[in-house]
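Here is how the chains run, residue by residue.
Number of protein chains: 4
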Amino acid sequence: MSSIYGKIFKVSTWGESHGKAIGAVIDGCPSGIPLTEEMIQKSLDRRRPGQNLMVTPRKEADKVSILSGVFEGKTTGTPISLMIPNEDQRSHDYSDMIKWYRPGHADLTYDGKYGFRDYHGGGRSSARETAARVAAGAIARQILEHLFQTEILAWVTSVGGEPSDIDPETVTYESIEASPVRCPDPKASLRFEEKIKEAKADSDSVGALVTLLVRRPPKFVGEPVFEKVDALLAQAMLSLPACKGFEIGLGFEAAKMRGSKHNDEIYFENGVYRTRTNNAGGTLGGITNGEDILCRMPFKPTSTIGQEQKTAGRGGVNGILKAKGRHDPCVGVRAPVIVESMAALVLIDLVLRQRRFL
Amino acid sequence: MSSIYGKIFKVSTWGESHGKAIGAVIDGCPSGIPLTEEMIQKSLDRRRPGQNLMVTPRKEADKVSILSGVFEGKTTGTPISLMIPNEDQRSHDYSDMIKWYRPGHADLTYDGKYGFRDYHGGGRSSARETAARVAAGAIARQILEHLFQTEILAWVTSVGGEPSDIDPETVTYESIEASPVRCPDPKASLRFEEKIKEAKADSDSVGALVTLLVRRPPKFVGEPVFEKVDALLAQAMLSLPACKGFEIGLGFEAAKMRGSKHNDEIYFENGVYRTRTNNAGGTLGGITNGEDILCRMPFKPTSTIGQEQKTAGRGGVNGILKAKGRHDPCVGVRAPVIVESMAALVLIDLVLRQRRFL
Amino acid sequence: MSSIYGKIFKVSTWGESHGKAIGAVIDGCPSGIPLTEEMIQKSLDRRRPGQNLMVTPRKEADKVSILSGVFEGKTTGTPISLMIPNEDQRSHDYSDMIKWYRPGHADLTYDGKYGFRDYHGGGRSSARETAARVAAGAIARQILEHLFQTEILAWVTSVGGEPSDIDPETVTYESIEASPVRCPDPKASLRFEEKIKEAKADSDSVGALVTLLVRRPPKFVGEPVFEKVDALLAQAMLSLPACKGFEIGLGFEAAKMRGSKHNDEIYFENGVYRTRTNNAGGTLGGITNGEDILCRMPFKPTSTIGQEQKTAGRGGVNGILKAKGRHDPCVGVRAPVIVESMAALVLIDLVLRQRRFL
Amino acid sequence: MSSIYGKIFKVSTWGESHGKAIGAVIDGCPSGIPLTEEMIQKSLDRRRPGQNLMVTPRKEADKVSILSGVFEGKTTGTPISLMIPNEDQRSHDYSDMIKWYRPGHADLTYDGKYGFRDYHGGGRSSARETAARVAAGAIARQILEHLFQTEILAWVTSVGGEPSDIDPETVTYESIEASPVRCPDPKASLRFEEKIKEAKADSDSVGALVTLLVRRPPKFVGEPVFEKVDALLAQAMLSLPACKGFEIGLGFEAAKMRGSKHNDEIYFENGVYRTRTNNAGGTLGGITNGEDILCRMPFKPTSTIGQEQKTAGRGGVNGILKAKGRHDPCVGVRAPVIVESMAALVLIDLVLRQRRFL
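Chains as they are written, first to last, in numbering that gives the first Met the number 0: chain C, 0 to 357; chain Y, 0 to 357; chain B, 0 to 357; chain Z, 0 to 357.
Hints listed in this document are in silico derivations from the structure and should not be mistaken for laboratory results. Incorrect hints may appear among the rest.
Note that identical chains are pooled: a pair holds if it fits in a single copy or bridges any two copies.
Unchecked claim - Pairs of lysine to aspartate or glutamate residues, derived as DMTMM-like cross-links and limited to a Cα-Cα distance of at most 20 Å, are as follows:
(1) Lys41 <-> Glu176
(2) Lys98 <-> Glu264
(3) Lys6 <-> Glu264
(4) Lys260 <-> Glu37
(5) Lys309 <-> Asp201
(6) Lys218 <-> Asp110
All figures in this text were calculated on a predicted structure; none of them were measured in a lab.
Same shape as in the complex, but just chain C:
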């Protein structure tokens, strides 16, 4: 298990989907930063399931408590302990999980690695674990916004292959949050809803593509050669449940191009170096160049589905699983705030490690 992220701004997350609580401890947060439970709660509320038909109807209040590290409304520089009680633990829905390994899920590999597991839900491999990341990420975002006016946005670009028409330049939080499927293109949003409803009606699930945009990122951060900003973002995204890939800038398209087309022209204007285009996605040599960071990540369809599936179980049996319980038909729809939070954790740690001599 490696549930600690970061070298200076270190986030240690804990908790299973069906335990008493989940939480995070942030060690290394700078002192003097305004912080209240409300600030964190706002991010958590965006992640919470049960907001609409698109996502699982579990009613998790997800109320965060700050247990340490804050005094008179400001961080003290000491570890910040955040706790979110698990309120809705209807674990009898998961009874079949004791016997069968869900295809596409981590049941088998956890049993293989750890010898046994808490079979009441996904344990640490559950998407519930990401609530702790969102809580910690809220603090990181606050600092980035304060220091650099950094704005971090993520949205759903495609569901089940259905396209959308979105100009990253014009996307706002409001346009994302206005959509129940977090797609700022209203027409595509309706089509995405349809796709998800169809999957749900079929007791099935569907994949989604998520875009991440960082406006006004901290400049010249990234630690070559192994901890380039794009490498750390890729790690952070692939550490999310169901994420199967990552690309930055033109990404996979770059493999098809000529250098003369791909290279972004550099120019100097008003005291700043800029690029005319942003094919690179905001990074050169693993260091941010000040242009927007732009990434895309595919999220696979939720593995737990209501249809019958052939599978094997503990003790070497083969058979059929028909999963009960409530599951998101499209996990990608909940991914945006989590993606934003991970991006914030990556960037704040790089900012705090940044140190130019004199």
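Dock chains Y, B and Z against chain C, hints included.
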């Protein structure tokens, strides 16, 4: 700078493209492993430029020396220091670099981050740095092969958008090495050569897509939640110069699919759990399940090209750069052995961190 | 702040003396280890103040809860979150702390480093923080005992310079716990009590010397050159509040000796290498040799005392502080279980990092 | 093996006493710092054996080369690779080492941990390894001096129990270097020489006590709770060959004192908080308070001696070893520059990790 990779098998690389030498120190290598300079040299020779017209004609002998950590042909458990002298340092070819920031290159961001840089070539952002990774990776591969008969292969799947027809199941080292562009499909190989020659004739460069395959990977390795095997592979690949993305299993395709199609059926046979299909690419919940690991990475076209390019330079000037010197028209062609080496470094560290109680 | 200890068995502690709670998250604990709240509580109860007149009369119940990482009485390999509510927060006793920097305390340096601090007590520099270490250490001890029958004992060897007569070979838990000042020499114990009572009567405090003994330590653990077992033990001990030194084996006496006297004769008997004497204190070259580990640590007198003391305060004033509140007259008396816990955390992490090839 | 020190200023040392070379790679050094081989050589020359009769007559030139990371006389922010060839490898002197485990040495534990070892000398446990630390430390000292005018001095306070009379306030580099045994008290220096000559005449060795003084240390550095400045100094010192203890400020004396005597009075004067006395040794709560750092470390007598010693050997034999070869009769005499270097590595890393928000 963060030039150290790994938690237990720690690789510290050093050296610039035009300095005296480059090298790596491996701290934490288990003792008792047979190791000679020849074993490492074999991997280095596969990376070396100047082997054919496809790659830069720089003649780097890349002769590795083991300076410590090996006694009577076996590792002693102490740090292994590897050094590769830089023999061909024709740095006058790079004179324009003093003045101009090459578009698509790290010149600007290094100046921004560190205040100045060694302008004789790419310094740490040069592909030359990867030779040290290959040398260290050769040791990791040796251990993985010894312990698990793990076989790590990477090849070029596409150049400039040109497709190939390759069944990962049948790919061999020989079929990859037989191709000057490391493409095991002989017909595609010819077309790739053509693409690269065309780009070269145009003083241009071209991108490529690389596939990574790990046969018989160590089982049940990966450290959720932040250091899942796929997350660490993604970081490792994006840490390579010119790599712009990563996908595992079906990757971006998964975003378009239904769960009922994407989930791999699990079955138990001959004492082992297997999956019928391998859409997941060898990992579930960030832990290897024993199936082949299968990833793809796009490499952008070489940024240094011989064509005239508009750009800016130090001191805030705007102008035109026409790069001299010798450059790979397609860096992707040299990527396979580097990709294999990084995969080996990721896996060996996870193996050594793996510890199940009793 | 650096509140995370360990590379594999990672302990992240949090909480201030006067916040809502304190706690620890253990990431990287092996799976399958029996663990209940009672097991941890036993260690905590040994640390708790208020047990007798020797220590501060604060009544802290120190009831630990396990919030995650344990299923059906066994660790699952996922992060274990431990929480201990702060019940007795009579913070009005500490009112003077707002104004004055207590001599010998961290008030000044926390203000200097973090800009401000929670002035209700010592915050993170309070001895209360060590309760989280004891809770985490209880798990480490459990594993060491299970794997190697390791026994870790610490006791008070001297108070205020008063000597004792103790043969480490014969010390037992019972003989330590039988003494209110944790001194297994009953006569010295009485004299130590007297010393402490005298100090208390004078509104003063007194220092103490603590001995650590590890019987049947894990063999051949320690990671030269920077993480030798003795180096990590020294760090662990000096990380404790009030600890001002560390010595192992003959320690400072060794500086006066000849090699012919100091060297421990090695002999082979019954299939094992042993040493006739144990001047080295159980380590050679930073690696345990299987002999008992024997260390000594001085703990300075509690810095908060009831006497008037000249000091300075915030805003550059100079004046007189007469501290109110309840304070241990001798922190050393509470140190043994904390010292044992830190030794356990050092050893378990080295055990889990230990990996010999094949 | 753990041969990497530091979180930001990371030093990776390598090399055995009888291999081709030893060296260090520094990753994370800030850019723009003036650095030449001569600057490093000066420190190395102070460590070199063969300077006088007091130390081993091995003639090691210890000529350092900078292989990377420096451009036009300044650090570039990229890894700095330092190499020191091993010139004098008269390994036939060590022939007995193949058979016998030297008492007090790491031969046995290295064999136990790693399965075998390079028996030509001490390998990584040799004091020769510290030359790489001194080389890396020279860079750290340079930065500390530049930023804070920090002065780091260490000297020999006692040899074989023989006392000296030294006022730390008045010690200078010159007074230390003027003494062949690095003791700034000229009379004691003569007595120490005598002690060492006697030991040598007896084919024996003798221990020594070393004092470390840091003037104008960086203020408010140290990362509680686990990486307090005193805890990291203790680890650094105990990581040195032959070091058996550590104390800071009054150290072990503090265990005998009353709080009213031990506490240092704080006062504010000329815009700065100071303490009247410095019993704490420059640290409160693990954070430097700006007063001098003052520590003492005992170094045991060299374990390899020319006298006959009973011991055991590989394969379970018991017998007699009479070590040949040239050995320092008093390793403590060479310790000062190494102690200074380790202190510099501890402090520079804490400085670079220090980050107060806004």
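Status of each hint after checking the structure:
Taking the shortest alpha-carbon separations for Lys41 and Glu176, only the intra-copy value of 12 Å comes in at or below 20 Å, while the best inter-copy value is 50 Å. Taking identical chains as interchangeable, the C-alpha atoms of Lys98 and Glu264 lie at most 20 Å apart only when they sit on different chains, with a minimum of 15 Å there against 58 Å within one chain. In this assembly of identical chains, the alpha carbons of Lys6 and Glu264 never lie at most 20 Å apart, being 34 Å within a copy and 37 Å across copies at closest. Neither within a single protomer nor between protomers do Lys260 and Glu37 lie at most 20 Å apart by alpha-carbon distance, with minima of 47 Å and 41 Å respectively.
For a Cα distance limit of 20 Å, the shortest separation of Lys309 from Asp201 inside one copy, 17 Å, qualifies, whereas the shortest one across copies, 55 Å, does not. In this homomeric assembly, Lys218 and Asp110 come within 20 Å of each other (Cα to Cα) only across copies, at 12 Å, whereas the closest approach inside a single copy is 43 Å.
Consistency with the previously given hints fails for numbers 3 and 4, ordered from lowest to highest.
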